[in-house]
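Assemble the whole structure, with the sequences as input and the hints as a guide.
Protein chains in written order, with numbering that gives the first Met the number 0: chain A, 0 to 715; chain B, 0 to 199.
It is worth saying that the hints were derived from the structure and are not from the lab. Do not take every clue at face value.
Label pairs and their in silico Cβ distance ranges [unchecked claim]:
| id | chain 1 | residue 1 | chain 2 | residue 2 | range |
| --- | --- | --- | --- | --- | --- |
| 1 | A | 625 | B | 52 | 35 to 45 Å |
| 2 | A | 99 | B | 36 | 35 to 45 Å |
| 3 | B | 89 | A | 39 | 21 to 31 Å |
C-beta atoms are modelled at their ideal positions from N, C-alpha and C, and glycine is treated no differently.
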Amino acid sequence: MAESLLVRLLREGRHPTGGGVLCTTGDCMNCVVQADGVNYVRSCQVDAESVANVVLHPADGPPVLPEPALPESASVSVRNVHHDTVVIGGGESGRDAAAAAERDGADVVVFEADDGFEVVGVFPGPLVVVRTDHGMVHAHAQRVIVATGAAPILPVAPGAELAGIYTPAAATNLTAAGLDLGRVVTITRPPERFEPVPPDQATAGGEGAEALRVGAVVVDGERFECDAVICDLGSTPRNVLARMGAGLGVEVVGDAAVTADPPPCPAAGVVCPCNDTSIDDLRDAWDRGFTDMELLKRATLAGTGTCQGSMCSPYLQSFILDQGGELEPVFTARPAARQATLGELAAGRHHAAVPRTALHDEHVAAGATMDRLGGWWRPWTYGDVDAEYRAVREAVSLGDVGTLGKFVVAGPDAETALQRLFPTDVSTIRPGRSRYVLMLDERGYVLDDGMILREPEGDRFYVTVTSGGASIAELWVRDWTADLDVRWMNVTMSLGAINVTGPHATELMQRAGLLEPLPMLRHIQTEIAGVPCRVVRLSFTGEVSYELHHPFVRSVELWRGLLALGADLGIAPHGLDALTRLRLEKGHILVGQDSDYDSTPRRLQHDGMINLDAGGEFVGRSAVERTNRIPLDKMLVGLESDGPAPFEGAVAWRDDGEYAGYVTSSAWSPTLDRSVMLAWVRTVDGEVPAEVVIEGVTARRVALPFYDPEGVRARG
Amino acid sequence: MAVMVRREAVATVRVAARAETLDGASWPGDATAVRLADDEVLVLDALETSPPEPDAIVFPDTGWVRFVLTPEAGAELMARAASWPPPVPRLDTDVSSGSASALGQGMVAGIPVKLVVGAGAGAGAGAGAGAAGVAELGSGTEPGSVGVSGGGGPWWFLVPAALADEFEGRLEDALDGAPESRVRGEQGSSQQAVSGEAME
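So this is what it looks like as structure tokens:
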């Protein structure tokens, strides 16, 4: 660059931060400015011509926010590159390391800060993150070599915050840039103190800061008047990236790898400029028992700042030695090694993508409010939840259940695999039949629920799980059956599914091609409205229902065909808002909403679904047997009240004022003309209270389900 | 940069079987078969295939969308939106077929993708031996491997149809939304009726 921003500022008589030693090698923090709205920019590393607006940091306190508003930031681009070897540092040792790697046949890249490639951090992979003027570079490597050389040891003494103090490199660079440093004193031993220019000669400094200049330096009791002090106190490994990558197999070469002797321990002064930690602070911590490197770091925050110990670690080492301790290696360093904007750190990251069912555009066209539920975009309502509810209870309705997890299971051990995973006797599920099942974890807690369908040929199965649970379920089932001769295929995103539900569902299905009645929990393969479907007779809403699982690409065709066929039946789609009320009236739980991490089937009142008599071993069996012998402490129960439906999460209180539990699901039931709830309620002397108070209203415990207890409507 | 991005529905068949069975299996002549895992193959541009063993799962799958890019655009997309290197095609064991293809699987712009490089014309054509025409599991899932775009044929980015719209938007963003990078093909083309095949 023609001229650094630092040189430009000094030429104008302005010290960027009001004082402190300047290095011009990117090691100190005393030249940082706000450049074009970005704070903590090292002005010694920036071309003066590239910055339009500069605001100096105050001498004390945090930097100001940009005015008039935060700068508009475009997204930062990232480029992923892949190399065998990444060398950080283009000096002599870096060039030698790169050449050696190339001779070994490696594909090598060298990142040198002076060339515009500033390494921000080293991450597991290993991944080297680099900032350039044109965006970020993410360098993925097999081997990372740090060759970042050595940094000057910066002075620690009272008065080190004055302007006019330089490292040898800074003095050289600034003089070469044409700056006149005045009367210069070079010291090679730690100073006792720097003294400011006498008050009658002091001049005010730059914007917002009084840049008091150095007027003299005292070394070994001798005072030297000067305009500038060059502190040649030796060097320390510039090893922040090496420390960051210590657990990642990063190699270190050259001066960055040298184990340097620490400087003499200063008597006074600020050791850690990042956190303003002084020698006195270290002594205080030491006296309180924080007597090693890690403890001193945590007690005083020395080394936790933006330079990650680059400036202060030599003095922390010397302090410990001075106190009689042993020389300790410096602590690790955390990313980022250089200031980076949030945009730079976020470059290359993406929000988790939320999948859409094949019917997404149909829902939007129908006026649905879409929301992300269970990891999918789903229709919450089409604008009139009461109408949607009535369509299910009184006519016929379609629901998009394409989000259900779906698996095909085959192989000689398919039945054995399912027997291991589900607490039911799978052998009693006959061909063409299905069963609602729970999936338990090893502690006997409910992990998921779903359906097992046995295919007509008998040796294959089709399994469904909750929406959003398919990926976890796949990991789970594969892990638990890896020793078996079974094949799993996750077809969740390969199939759509539509639920046809309501008193007129059977008539609609007949019109669509289901000519023979399908009894409850049976399933067949047939064409519905010209689309090949697996038709499953079940009920989640409490009305006659058929689930139609079909090829993803035929979903719209099927949806539109059913809507057309049912036009005179009062057909209308329903969203999740209506569905959650409908299923609540039937007391059907939603795993993850009504169940908790410690929900046993017994606590959920679902112990009837656990078959301990079949004799087979299933995941969670021993835990179920053990917990069955423990008195119940709480249960998920049905509650009803005459007041408005409380919010989900509302606290339930006993009539003696003690905490009783909380509501998991709640809705006003138009059919029952009262509020219905599922709630966790603690037992008292082994019994669940008959009444609790929720939001000031008495709620009565009732048996489940609330609606159609005999299941007449579901069976049709 | 010449960018050709085409979005299209793709007929596929997924096959799950024992690894040793799949090692020796053969696939429809005009199709491209990619080995997703030891026990699963995805056969592209096929409506059906014979079960390689009695216990195999053979599942005609209409839930995929293919984004076809030039090699240049594909490599650029990977550089901008994926932390893993593109797979490196290698010469097929059946030298006479002249096909060289590779598969990589991983996140591209935050979306799970199967990338087939060097597939298309000739891939699998006239395949006799089981390995011929089968894109081997590439290095895409292993970090740090060298990625060199290879093969002159287009790159196929296979995406679940449920995420295709999202991927299309991110792809255009990643390629800077240049006019040439606008995706061609029917929006929601995954809704085209591919076949009337019954499931399984």
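Handout entry: Ascending list of hint numbers which this structure does not respect
Key = 3
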